[in-house]
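Given these sequences and hints, build the entire structure.
These protein sequence lines map, in sequence, to chains A and B.
Plus 19 on top of the position in the first sequence (first one is 1) and you've got my numbering.
Plus 948 on top of the position in the second sequence (first one is 1) and you've got my numbering.
There's no promise every hint is true.
Among chain A residues calculated to face chain B with C-beta under 10 Å, some are [what the hints assert, rightly or not]:
1) C32
2) S33
3) I44
4) S56
5) S59
6) F88
7) F160
8) P165
9) E204
10) F220
11) V234
Listed below are the simulated DSS-like cross-link pairs for lysine-lysine, each with C-alpha atoms no more than 30 Å apart in a straight line [said to hold, decoys possible]:
12) A:K90 to B:K1133
13) A:K97 to B:K1131
14) B:K1204 to A:K90
15) B:K1099 to B:K1047
16) B:K1071 to A:K62
17) B:K1225 to B:K1144
18) A:K92 to B:K1115
19) A:K231 to B:K1071
20) B:K1104 to B:K1251
21) B:K964 to A:K92
22) A:K97 to A:K23
23) A:K136 to A:K231
24) B:K1115 to B:K1139
25) B:K964 to A:K218
26) A:K97 to B:K951
27) B:K1204 to B:K1227
28) A:K90 to B:K1144
29) B:K1261 to B:K1144
30) B:K1204 to B:K1139
31) B:K1116 to B:K1099
32) A:K146 to A:K136
33) B:K1261 to B:K1047
34) A:K218 to B:K1104
35) A:K52 to B:K1204
36) B:K1139 to B:K1261
37) B:K951 to B:K1104
38) B:K1238 to A:K90
39) B:K964 to B:K1204
40) A:K62 to B:K1261
Hint data in this document are derived by calculation from the structure and do not stem from the laboratory.
C-beta: ideal position from N, C-alpha, C; glycine also.
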Amino acid sequence: MIEKFRISFHGDCSLVINFSENIEIETNRILYKILNSFESDLKSSEFIEDIYPTFNSIIIDYNNLLIDFEKLKAFVEKTLLELMYDLQLHSDSEEVIEIPVNYGGFYGPDLSMMSDKLKISEKQIVKIHTSRTYRIYMIGFMPGFPYLGGLDEKISFPRLSTPRISVPAGSVGIAGIQTGVYPFESPGGWNIIGKTETKLFDTEANPPALLKGGVNLRFLEI
Amino acid sequence: MIKIINSGILSSFQDKGRFGQKKIGVSKSGALDLFSFQLANRLSGNDINEPCIETLGGFSCEFYTDLVLSITGPSDSFTINNNYIYKTNSSFNVMSGDKLEIPFPQNGNIFYLSVSGGFNIDKILGSYSYHQPSSITNNLRISSGDEIHVKTSNNKNIFLSENSFFKKWILNDENINIIYDDKFKSQNLRKMFENKEFTVSDQFSRQGIRLIGDPIDEFKEQNEISSEVSAGTVQIPPDGQPIILLNDSQTTGGYKKIGVIPSFELSKISQKPILSKIKFSEISLSNSIKNYREMMSEFDNIKIYNYTNRILKINDRLISVQILENNSIMAISSNKQFDIIEESFE
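What follows is the structure, given as structure tokens:
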């Protein structure tokens, strides 16, 4: 249970509630619980422009012409203390979003290179990658891009020394101990091991992003 | 209807931004210079948050309908049909068949174009702002050949505004304020940073501005956990050359960050011409808000004058004279190949 939090600012329109300096699954779990109640409490306030999480903080963007930082800070502190007192942490049945992936070959151009260097067969890498459930710690970097935790260290692999100019949308990659999937075509330095046809971001859909922070993701081999 | 002949550099629709979407990785976007953006709407008689065209210049278009339009931004002149000359921070009439050319700016970076009544375009994720780094808002980018429809308006009044606000707050000196993050504690490092002079590089986009200077060597080794960034965040990558993030930045970033440019200087930094010099100095959170409120109240009180535009031809020179209601003359500008004769006198 977290008793500590630290409130600071990042510029003159963002308030930062920081719960830890590290990436910890427990902190991130609690953070999403707080975020959910915060959103229902604060979203309709005219002075709030955005509320969003990072790995270990909640950020509140505010309209600095309508409210002072100190006033907002006092309000947040009070709300937070009440919330934490009531926070129920008993087993949450967390949602799992499944992403079907074509691994290797044309879809995953770096899989065979990784297999050679790690001395683990392609089949085994895919098995390891699909055997875990990954927590989505936050969405960032680009619309709908998940920062996932929980990759098996056996298949962790350093970033490409020279990033690709273009990685196709839907590409599934590994960078260090992180794994993820690109919602849009983008330059990128991740090792690409597969590709999904699932549309991860659609401005016409509600919600527009298929993935969201605080839930779990599993990759399935097609 | 307006037909885009040449879309120029980074031309797009922008409003005040897209809010409440950072949770899914979509940053705020919105006009880089909110003051010039809102002034454009005021001069064309629109709601101040009506979407405008934002352009870095080199833009030209043809009108297929009679309109009142306004152009705001760094002081400059531009032409209709290659001979009628107008100045920024004014509105004027155009007729079907007229062609407008907006040059590359000399004293800043960004112009705003607004039409009376507004453009007939659709929102994406709650906003009319184009978001450069992803393809989700491509319909809000402006390309050569685009045909843009406008809403009807009965407004026939044209206005020009005084420039003193912009000279005081946006187009002034090389000093840029920064609100340091409290994690960037070291007084020595803050001093060292403030003693350096940086140049605005040509790596300028809606995502950020790359600065060039004597590199900051203290952050060569960094292993940051990705965390929040926003418009104005100052990052120092391992190469020691600072980046100032702007409205289309990522929502989270992994480089070392030291602080944020305050709200009252976001227009100023966006309008700093490429190759100009800047130096940073610390400002407190409370002083930055104080300045922002003062700036807003002065902006609300900018004087706007009703005027008529007369074109004189003297010795083959076209001269544009702006005459105010009380018959005083606000400005005279000559044809494009000549310098502006007189900035402003009454």
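Comparing the hints with the structure gives:
1. C32: holds, 6 Å
2. S33: Hint holds; S33 of chain A Cβ to chain B Cβ min 6 Å, cut 10 Å.
3. I44: Not OK, violated: I44 of chain A not within 10 Å of chain B, min 14 Å.
4. S56: Interface hint status for S56 of chain A: violated (15 Å vs cutoff 10 Å).
5. S59: violated, 14 Å
6. F88: holds, 6 Å
7. F160: Because about 5 Å separates F160 of chain A from the closest Cβ in chain B, which is inside the 10 Å limit, the hint holds.
8. P165: holds, 9 Å
9. E204: Result: holds, 7 Å to nearest chain B Cβ.
10. F220: holds, 7 Å
11. V234: violated, 12 Å
12. A:K90 to B:K1133: Since the Cα atoms of K90 of chain A and K1133 of chain B sit roughly 24 Å apart, the hinted pair holds (cutoff 30 Å).
13. A:K97 to B:K1131: holds, 24 Å
14. B:K1204 to A:K90: With a Cα-Cα distance of about 29 Å, the restraint between K1204 of chain B and K90 of chain A holds, given a limit of 30 Å.
15. B:K1099 to B:K1047: holds, 19 Å
16. B:K1071 to A:K62: Given that 30 Å is the threshold and the Cα spacing comes to 21 Å, the pair holds.
17. B:K1225 to B:K1144: With Cα atoms ~10 Å apart, K1225 of chain B and K1144 of chain B stay inside 30 Å; holds.
18. A:K92 to B:K1115: Not satisfied, since the Cα-Cα distance of roughly 35 Å exceeds 30 Å.
19. A:K231 to B:K1071: holds, 23 Å
20. B:K1104 to B:K1251: holds, 19 Å
21. B:K964 to A:K92: holds, 25 Å
22. A:K97 to A:K23: holds, 13 Å
23. A:K136 to A:K231: violated, 33 Å
24. B:K1115 to B:K1139: holds, 28 Å
25. B:K964 to A:K218: holds, 29 Å
26. A:K97 to B:K951: violated, 55 Å
27. B:K1204 to B:K1227: holds, 19 Å
28. A:K90 to B:K1144: The hint is violated at about 35 Å.
29. B:K1261 to B:K1144: violated, 50 Å
30. B:K1204 to B:K1139: Distance ~17 Å between K1204 of chain B and K1139 of chain B Cα, so the pair holds.
31. B:K1116 to B:K1099: Cα-Cα ~35 Å, so violated.
32. A:K146 to A:K136: holds, 17 Å
33. B:K1261 to B:K1047: holds, 20 Å
34. A:K218 to B:K1104: violated, 47 Å
35. A:K52 to B:K1204: Since the Cα atoms of K52 of chain A and K1204 of chain B sit roughly 28 Å apart, the hinted pair holds (cutoff 30 Å).
36. B:K1139 to B:K1261: violated, 57 Å
37. B:K951 to B:K1104: holds, 21 Å
38. B:K1238 to A:K90: Measuring from Cα to Cα gives roughly 15 Å; hence the hint holds.
39. B:K964 to B:K1204: Holds - the C-alpha atoms of K1204 of chain B and K964 of chain B are around 28 Å apart, at most 30 Å.
40. A:K62 to B:K1261: violated, 59 Å
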